[in-house]
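Trainee: The lines below spell out each chain.
6 protein chains.
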Amino acid sequence: MTTSTNPSVLRTDSVLRTDSVLRTDYERAVANYWNTNRQDPVNLRLGELDGLYHHHYGIGDYDTALLDLPDETRDEAIIAELHRLETAQADLLLDHLGDVRPADRLLDAGSGRGGTSLMAHARFGCEVDGVTISEYQAEFANEQAAAHGVADSVRFHLRNMLDSGFATHSLRGIWTNETTMYVDLFELFAEFSRMLAYGGRYVCVTGCSNDVTGGRSKAVSRIDEHYTCNIHPRSRYFAAMAANGLVPINVIDLTPATIPYWELRAESSVATGIEDPFLTAYREGSFHYLLIAADRV
Amino acid sequence: MTTSTNPSVLRTDSVLRTDSVLRTDYERAVANYWNTNRQDPVNLRLGELDGLYHHHYGIGDYDTALLDLPDETRDEAIIAELHRLETAQADLLLDHLGDVRPADRLLDAGSGRGGTSLMAHARFGCEVDGVTISEYQAEFANEQAAAHGVADSVRFHLRNMLDSGFATHSLRGIWTNETTMYVDLFELFAEFSRMLAYGGRYVCVTGCSNDVTGGRSKAVSRIDEHYTCNIHPRSRYFAAMAANGLVPINVIDLTPATIPYWELRAESSVATGIEDPFLTAYREGSFHYLLIAADRV
Amino acid sequence: MTTSTNPSVLRTDSVLRTDSVLRTDYERAVANYWNTNRQDPVNLRLGELDGLYHHHYGIGDYDTALLDLPDETRDEAIIAELHRLETAQADLLLDHLGDVRPADRLLDAGSGRGGTSLMAHARFGCEVDGVTISEYQAEFANEQAAAHGVADSVRFHLRNMLDSGFATHSLRGIWTNETTMYVDLFELFAEFSRMLAYGGRYVCVTGCSNDVTGGRSKAVSRIDEHYTCNIHPRSRYFAAMAANGLVPINVIDLTPATIPYWELRAESSVATGIEDPFLTAYREGSFHYLLIAADRV
Amino acid sequence: MTTSTNPSVLRTDSVLRTDSVLRTDYERAVANYWNTNRQDPVNLRLGELDGLYHHHYGIGDYDTALLDLPDETRDEAIIAELHRLETAQADLLLDHLGDVRPADRLLDAGSGRGGTSLMAHARFGCEVDGVTISEYQAEFANEQAAAHGVADSVRFHLRNMLDSGFATHSLRGIWTNETTMYVDLFELFAEFSRMLAYGGRYVCVTGCSNDVTGGRSKAVSRIDEHYTCNIHPRSRYFAAMAANGLVPINVIDLTPATIPYWELRAESSVATGIEDPFLTAYREGSFHYLLIAADRV
Amino acid sequence: MTTSTNPSVLRTDSVLRTDSVLRTDYERAVANYWNTNRQDPVNLRLGELDGLYHHHYGIGDYDTALLDLPDETRDEAIIAELHRLETAQADLLLDHLGDVRPADRLLDAGSGRGGTSLMAHARFGCEVDGVTISEYQAEFANEQAAAHGVADSVRFHLRNMLDSGFATHSLRGIWTNETTMYVDLFELFAEFSRMLAYGGRYVCVTGCSNDVTGGRSKAVSRIDEHYTCNIHPRSRYFAAMAANGLVPINVIDLTPATIPYWELRAESSVATGIEDPFLTAYREGSFHYLLIAADRV
Amino acid sequence: MTTSTNPSVLRTDSVLRTDSVLRTDYERAVANYWNTNRQDPVNLRLGELDGLYHHHYGIGDYDTALLDLPDETRDEAIIAELHRLETAQADLLLDHLGDVRPADRLLDAGSGRGGTSLMAHARFGCEVDGVTISEYQAEFANEQAAAHGVADSVRFHLRNMLDSGFATHSLRGIWTNETTMYVDLFELFAEFSRMLAYGGRYVCVTGCSNDVTGGRSKAVSRIDEHYTCNIHPRSRYFAAMAANGLVPINVIDLTPATIPYWELRAESSVATGIEDPFLTAYREGSFHYLLIAADRV
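Chains as they are written, first to last, in my numbering: chain A, 1 to 297; chain B, 1 to 297; chain C, 1 to 297; chain D, 1 to 297; chain E, 1 to 297; chain F, 1 to 297.
FYI, nobody ran anything at the bench for these hints, they're computed from the structure. Don't take each hint at face value.
Note: identical chains are not told apart, hence a pair may lie in one copy or across any two.
Below 16 Å or equal to it, Euclidean Cα-Cα: the simulated EDC-like pairs (lysine to aspartate or glutamate) are [what the hints assert, rightly or not]: (1) Lys218 <-> Asp25; (2) Lys218 <-> Glu27; (3) Lys218 <-> Glu284; (4) Lys218 <-> Glu135.
None of the values given here were measured: they were computed from a predicted structure.
Can you make the complete structure from the sequences, with help from the hints?
Mentor: Rendered as structure tokens:
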């Protein structure tokens, strides 16, 4: 199902079957969630607008006038606005990838339905590989790449990002857009460090719990339960980077910038019920929305 | 409110006010939960039976004939049986404290309403101190010690077990009975290691997530949310012990022994709704009920 | 001399000559001891009883009536009883290997004359590989496998267990039955962790010095000298496991269970003189006989 | 000479004589440099403008029209502009100290002639202590505090910031404004972590070498020689923070913002000759000007 | 029994009774050995010659003509020669203490009967404290100091060198002359690092096993058994120093220089039987006699 | 340009082009320095004497009578004497390589113009490989090997010593003669440890800053700037060795032995101006000239 890729970059013995990509019951549960949760409209409805299907949240202020629109247009307008904020988030992420050239290679680790990968290719003109443990997502994203006419350059693979098989020092940049809460960060960053070229860039956008307020709050555990994810404390990101040769150059607390997105989403027809825990966690300070750009040294 | 203690053992500058015991928003939320959740009948109803108020779960098979009792006696009988299983758990914990003499000192770290401390004193005849961050629990437990006529030997203090103020190498034994999921284990075991005498014993009974199945499952996050706790993976207990001079001598997987307790509790009037996540987590293997006895070297 | 094995599992460049298996003077001395110490009757005499030649000690109470038998039958009966206790020990070890299926692979690291490997195959029906640095032992054990008609499934190799050449994540279980005192534990467990599948099981039975009593006692050094071994402190097992992703699930102090074996052996014709240091060390508490079952996470 | 301070916060046995503040020949050379290098006009000339004597560089664009001013006013105008940029830098630093209240305490670690401390007091209204190993600087800064009428609240001490004697968990915030290149970062951040309250904030502005370009460049070593300092690589800041419970919340690469300052300074009468190595290092990418704001967890 | 010392240097709460100096069964066994093994003539006979009682071995070539002396004078001459070689060893150790002034303080950690301490005082004129866990040795050595008329400057204490109670940064130099094989090196060097001034010197003379030959050989275990000691591998010395701020400046392999001492001793009347394992171990390369001089940084 | 070598020892995919040997701007700057700095007479003039071109300094006393020679012969005589001292240094280094046999292999890491490699081959008769990141140096040294008629045994390669491509455990000995100040020591010693056989020897001669005097002094930074090098503190050598299985057996402080070389060189026509910083640094104690011989265990 997945497109084959450059054999000089991908290991020849790399595994492609689901049963070898998934190592634990936990990973199987996560993959199953994303394979079967296809009807959840929040991502699909937004992606239909322009063919960029995101699997992450948005940033920036929304147009408050939307809330006063008449019922027949209000929800469509809110959905378009949410999509705009999500795309703005992806744009900010790509802004931090540094000087990427057409001959470089990028990796979207946890690529979901592929939206950020398509935006990266459109911006830099280089090859982009995405990996996901959801067979459905890989297939869906490859279809999108074909629909955008970039299937030669943007490819999605059914692979585990902890062991994705790309060659040592072969990548100019890697990003994770809200996918790090599913894996151990030390293991992940060791693998990223191996694959990145000297001077390569890693950009992470993530929700993380705030060590300053102590342990995981009730609201954070509610999010963990909802997504079967394992939200990490902020400290763990920096500890795992320090242990793996990834040195921050920019860190931005996006929490104030993402709260409007959640407030608007709570008003929309695509609200899933998880909006309230997110808003509670952000407002009480037990949760951050963070961007980290780091160099591989 | 808390009873004063031997000045040669407790730091003279030790803090007693709630605002200095609690360091983070998380700790304040946990303390508030245990201070205000006084009506939860599961512990109170069971403790009324013999004045041993537990804050932990039980082990061992229950008498299945109870389920067939007539309605008017069934629930009382089930409650008595649950209490018997909880007391059996505390007895097993105390079995692993080793050779404790009347002149020794013990610490019940996270002492709840004090049941295990009273049992320890009854068994070993030595002084026992309990610490809790819940003012209500400390007061309640001290009242129980008075009611048992052992207030001179068994004392409960409003203190944070991460910084409880007992003198270096002053304790023969420490236990935690289902309280480690509220704190960082490396910080906790460093403090325990400091307070234990050479050759002292630490006994831990805890629920822990199972690294073999991978990350925290949905059921485990549900428990985290319910109790505002932070369940640790099994591996973290052994890593934190290895880093702090605590060497296991016995480790027992109590999971099969605790499942009957939860099955029976689910049938009782004191069920709180958290029985189902516990049973799911234990049965799917994502959660263990573990006893670790370790020596301070 | 050693049987070839599945090339997909064993490295194709794996070394087979003694001079490349043995890396240090110490390893050469150990190998020489086991190659030339063939006349020591304690293992041979016992193994002759049923073709299970053990290289480890026993557990469980013995039949004290044996001591009162007439001279002509007493010694044979004691030898049979010692053999029964050794087999009981191997059975206990195998009890902790978890759910092993016929399609799984197991490794007996330091396989001696092969008894435990044959028992494992008989119990689980799966392939078992044993490795030893003694050419004599490997040959002897392969002959036993042939005699039991299982040479296709149970194979012994002249290899160093620190670098045994099995493929990464290829093994369901590994055990060491009193062989860890010849190697560095951090190096050993790193290699075991590499070879075990996710969720694989490692079982260790070993004598270890007791950190609680402090440094190595005179009796423990006497045992070290006798076997040219390097007995480790208990703490080092748990530190090395914590550093290598091996997480205990059961730990049993077998010391009380093994003392009878040594008492009986001291009465037998196969006593070697080392019985007294063992009994002294166990009784004074400077030495433990320990079983650790751990999961690879 | 140094003003006494609150005995409950400063250690009673804290050392005040130069010979106990300075531990090594290196520290003695650094102290001597700052004690005797009093005529260097760059800081004095700028400080005379408004009584804020800085010991750091500036950020932001300068007014390019200044370069075309007639000779008689040009240099004064440039000096005023440089001072404005330095003050802007100190303001940015203070922006990142978070929510500081009048009852809080702050530490200026490596306080130079005291400018940033005075600005912090003016902004937050709280007590500020500064420490320096230069007796001349401490005296000069205390005179400035007196001249500003804030000697009761802003105090400067002859102390080593690696062992400054403030009580554990007594400080709400600490900053270092271009002073970390004189000390070992692991030792420094351990001491900062000890003194900060839980949730306290540390802000660092520093020049650091860029690991991405590899080892220290010739230009960076030229700066090291000029100031007898030891510029650290960027990676070391994050490693030392991760090891000491300091977790970044904002990281800003100020390099583009500081280059104009150096360009303007090179045009001024207060140029010292070190402008060229700075500009070379910044432009070739071997050197960064970095702001890190981190929380103590 | 032990002489009191400067209260500003020794902790006021320092423990003086045997039962608090000795922490483990192992330490009690070692103390008992040195307390009761008073008749062993090898050290006493040699010390009687000039009042310098050593507890270590010697270096340098001996006068081979001694072996041909007539029976009535041969043994006395050999004993005098052995003593000369032991004193030469202590002199070499003192040569590496660096620039010690009369106002400095030195610590002899594991001081035995005190010979090296007396030599150090004679050479440098400064105060010397010795610590030992043998009550007999402390008393004996204090008597020697009195006999030499230096009891005011050279004092011996019944203390554990792992926790000897000297003030932080109070010592100019520390040495261990063949005493490190009784303790954990990481714990020991942490304590030494705490007590040494910045730039202070530590000199270690020790026998160590040679990692190059692998594990402890039979001969090394024989020595361990003889002295109830725990000989460390060479690597552990350097690892423990690196972890505790002790940086080597000179390392000398004294093995060739000490072999003659053992050869001569084997010919003497004071041979104890341990000569053969020493010679075997040195000659086969499994054991080194090493001097390490390191600076406290 | 570089001679091919034994394919069983050198990786078949090893990189030979400059652009893959050099990983960072820093490495490119260093390579450029040594590629273009061909006219610097100090090494060339000395090497012309006997065809041993050194890239390091000398040890030992010089003949002071040279200074009084008439002008026409004085400089030639001084140059010959400097060369004698440099050769003496290389001889001392080779003295510490241990027992090297003709069938062994050696690596000269940072081989410069190849002098030490030629001396090693002459002494031991074995194959020697040298690696350098300077294309000019590799070519020059290969020409020297040809001129000495040993091109079959002594080969120089354009390679990065951090990743030189020699097979695991393939080398009997490695040395660095004043080249470690260009690389990270942890990375370097990890690579050396990988390539050395068990029991192999590493010899390092280096200038290092002295932690005892604190940070890098002005004179040390001056040397760093001159050579674009990054002089390490002494402590870092031992920390990096301890982390990588390299255990010292001899450490010699060569500082007193190298000062005469610098004094003589300052009098010669080949002085480069860096003599003064070296003499200042050595005399003030901020810099050491150190030999470390270590075993790979």
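Trainee: All hints, please: hold or fail.
Mentor: Hint by hint, here is what the structure shows:
| no. | hint | in the structure |
| --- | --- | --- |
| 1 | Lys218 <-> Asp25 | between (24 Å within a copy, 12 Å between copies) |
| 2 | Lys218 <-> Glu27 | between (24 Å within a copy, 12 Å between copies) |
| 3 | Lys218 <-> Glu284 | within (11 Å within a copy, 23 Å between copies) |
| 4 | Lys218 <-> Glu135 | neither (32 Å within a copy, 21 Å between copies) |
Hint compliance for this structure: hint 4 is the single one not met.
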